[in-house]
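S.K.: This is what each chain is made of:
There are 2 protein chains.
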Amino acid sequence: MSTTAGPDRRARPETRAAILGAAVDLASAEGLEGLTIGRLATETGMSKSGLFRHFGSKEELQLATVEEASRIFVAAVVEPALRATEGEERLRALCDRYIAHLEQQTFAGGCFWGATTAEFDDRPGAVRDAIAGAYGAWTTELARQARLAADADPEQLAFELVSVAQGANSRYRLFGDGDAFARARTAFEGLLAAQRS
Amino acid sequence: MSTTAGPDRRARPETRAAILGAAVDLASAEGLEGLTIGRLATETGMSKSGLFRHFGSKEELQLATVEEASRIFVAAVVEPALRATEGEERLRALCDRYIAHLEQQTFAGGCFWGATTAEFDDRPGAVRDAIAGAYGAWTTELARQARLAADADPEQLAFELVSVAQGANSRYRLFGDGDAFARARTAFEGLLAAQRS
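Chains as they are written, first to last, in my numbering: chain A, 422 to 618; chain B, 422 to 618.
If you're looking for bench data, these hints aren't it; they were derived computationally from the structure. None of the values given here were measured: they were computed from a predicted structure. Incorrect hints may appear among the rest.
Note that the list lumps identical chains together, so a pair holds whenever it fits in one copy or between two copies.
What the hints assert, rightly or not - Using 20 Å as the maximum straight-line C-alpha spacing, the simulated SDA-like pairs for lysine to any residue come out as follows:
| id | residue 1 | residue 2 |
| --- | --- | --- |
| 1 | 469 | 500 |
| 2 | 479 | 455 |
| 3 | 479 | 562 |
| 4 | 479 | 454 |
| 5 | 469 | 499 |
| 6 | 479 | 550 |
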């Protein structure tokens with residue numbers, strides 16, 4: 422066991438990954454504020470002292486969780502869409518993959534960003550900045566693809582696509598599986614058809 | 422002072438209204454889970470025992486807060502729109518008033534429902550049901566007006582209008598006053614113009 426003060430970041434990477442996997446699922450359902458070392462110890466069956474060796478503070482744990490959620494989101498939504506040609510086809514693929522990741526429950530509690538943006542938008546600090554950065558990068562990539570698709574107002578199209586995705590997640594989480602995903606796909610098609618210049 | 426067990430709901434109504442006003446503002450920013458009697462005592466300068474006389478439990482306080490937020494939302498957004506004729510005109514008025522209530526900071530932390538739906542969608546119970554009921558009533562009213570406007574797919578139009586409103590709130594809360602409200606208005610106009618049968 423390490424005798425140095427502070428967290429031991431040389432801990433086995435597979436353990437750290439397992440902890441962060443549990444943290445991401447927990448945060449996607451209940452938010453990042455309930456993500457205490459004690460709660461995570463209960464979820465993972467690890468000791469609190471063991472978790473403290475990985476994450477020295479609640480904020481450090483929250484930041485590592487946001488980073489892991491970004492990695493999972495990119496792997497599940499962005500990377501599969503890279504096979505599509507940039508522009509309209511890529512835009513459609515990104516929107517399709519976003520809905521697919523909700524359907525496949527990539528995160529146990531639905532959209533990780535839906536669960537955490539509303540929670541942290543009024544809490545200044547590094548965690549808020551990390552969440553806003555990820556949400557902003559997603560919007561920026563959609564706008565970039567809309568521009569490559571020669572849309573007349575790429576920022577507007579990106580805003581509307583992001584809004585529909587967020588609305589579908591809320592509708593699904595609040596009212597069950599019903600029609601949220603089909604409605605989102607209909608909306609995406611309408612937006613992609615209507616706004617192209 | 423009451424000598425009966427349990428909260429004294431005969432307390433002066435103006436005091437209860439002042440407490441709930443502070444509770445609604447706090448919850449719109451930070452959610453309902455952080456809304457403890459202790460936190461509210463700090464915010465209002467009242468004693469914890471005084472607050473316990475009004476609200477016997479955290480859940481009772483949360484439910485009263487959701488009820489008060491509904492009352493404020495109806496007064497700020499729905500009632501002013503009743504002057505508009507039902508159908509397309511009413512639909513436009515409801516969307517306009519929704520954006521206006523964000524601009525005027527009717528709730529200190531932005532959209533009360535944006536702050537609380539993501540927080541409670543995975544927490545079964547009376548508070549979740551109250552939030553889902555209010556969110557559902559808003560969507561249902563938009564769909565009813567879309568139907569009166571003879572829209573070809575009223576449920577779809579309502580879903581998209583609600584999504585844009587939610588997206589505008591997130592964009593505003595995360596990235597400042599920028600262009601979120603103008604983008605929402607542009608989106609509403611596009612939806613109202615495009616989807617009418």
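S.K.: Okay, which hints does this one fail, numbers in order?
M.R.: 1, 3 and 5
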